[in-house]
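Undergrad: The residues making up each chain are set out below.
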Amino acid sequence: NAGVTQTPKFRVLKTGQSMTLLCAQDMNHEYMYWYRQDPGMGLRLIHYSVGEGTTAKGEVPDGYNVSRLKKQNFLLGLESAAPSQTSVYFCASSKNRGGETQYFGPGTRLLVL
Amino acid sequence: DQQVKQNSPSLSVQEGRISILNCDYTNSMFDYFLWYKKYPAEGPTFLISISSIKDKNEDGRFTVFLNKSAKHLSLHIVPSQPGDSAVYFCAASPPFGNEKLTFGTGTRLTIIP
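Residue numbers (this note's numbering), protein chains in the order written: chain A, 838 to 950; chain B, 669 to 781.
Extracted from the complex, chain B is given alone in its bound form:
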């Protein structure tokens, strides 16, 4: 039972354009969402997060949008740069007291120079 889904295994975007990565979840109890970025042969690194009390969070070129009614979040990268080429995982957590994150299967983003 995949509670966090990333339906696009891969995405290619031209340098300078916007990259949009999508994530859907099924558990309505999730209230905190994170995006991680992973380069080959390295561990995932935290990128950006959003609480369910917000619908948008921005950090430089990265913006995460949350649509609770649709149980959908997206990560926007503007403008996309070659260094953004990586695998992106979304993750979700229920309210306080639960110790675990549930990860999606990842989307491989390739930025074309």
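So that you can see chain A by itself, here it is in the shape it has in the complex:
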């Protein structure tokens, strides 16, 4: 039981490049989330999903897109990376509603030059 895994662990992009961050969970959780963590800002919700095929915007969705084609996977896309998207990205999942315990992945560190 791996829990929540994220790939890649670290990536460097040039401004304007695109990439996809992959999150996978093996706990059969309905809810999945993408957060970014920046110094002094805590964890801010980017997008989330309440089930396969559904997505919704969080607190800071601009510049990101997501897809949840399979229940166990939640993809975060950056179509045209900007230096402001330099951050650590965390994926999380929860069994039921988001207010319950969320289980986090180890994070992806992204540097946009």
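Each statement offered as a hint is correct.
Using C-beta positions, here's what the derived DEER-type ranges look like:
(1) A:S917 - B:S720: 39 to 45 Å
(2) A:S917 - B:G728: 46 to 52 Å
(3) B:S720 - A:G853: 43 to 49 Å
(4) B:K736 - A:K907: 38 to 44 Å
(5) A:T852 - B:D723: 46 to 52 Å
(6) A:T923 - B:P750: 28 to 34 Å
Here are the computed lysine to any residue pairs in the SDA-like style, where the Cα-Cα straight-line distance is at most 25 Å:
(7) B:K705 - A:M878
(8) B:K768 - A:M878
(9) B:K736 - B:T694
From chain A, some residues computed to sit far from chain B (all C-beta separations above 10 Å):
(10) K851
(11) T852
(12) D863
(13) N865
(14) G890
(15) L912
(16) L915
(17) E916
(18) P920
(19) L950
For the record, the hints were derived by calculation from the structure and aren't laboratory data. None of these values were measured; they are calculated from a predicted model. Even glycine gets a Cβ: it sits at the ideal position worked out from N, Cα and C.
Position chain B against the provided structure of chain A, taking the given hints into account.
TA: Just chain B now, kept in the frame of chain A:
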């Protein structure tokens, strides 16, 4: 608009003493509160939670206190151990039907041997 606030970015405590981490919230609709612990280069992990129907919840060395009238919660760690050195995030959720947690900005706890 920071609905969950952790006003102390850092805290240092001697090993064996009590660590007290504080969190304030502004949204009176929040009814479920959680504390997460985060080590460097890892994702946050759930530590302890409390429902608004309680004012205290205890789990081993960790106790969370909730003061609804003051919109304040605190995490007590007794006795503090070197392994407790980490960043602690408090989080809050409104009643059932809302899928999101709102996180504070975190407090870095350092336990001094």
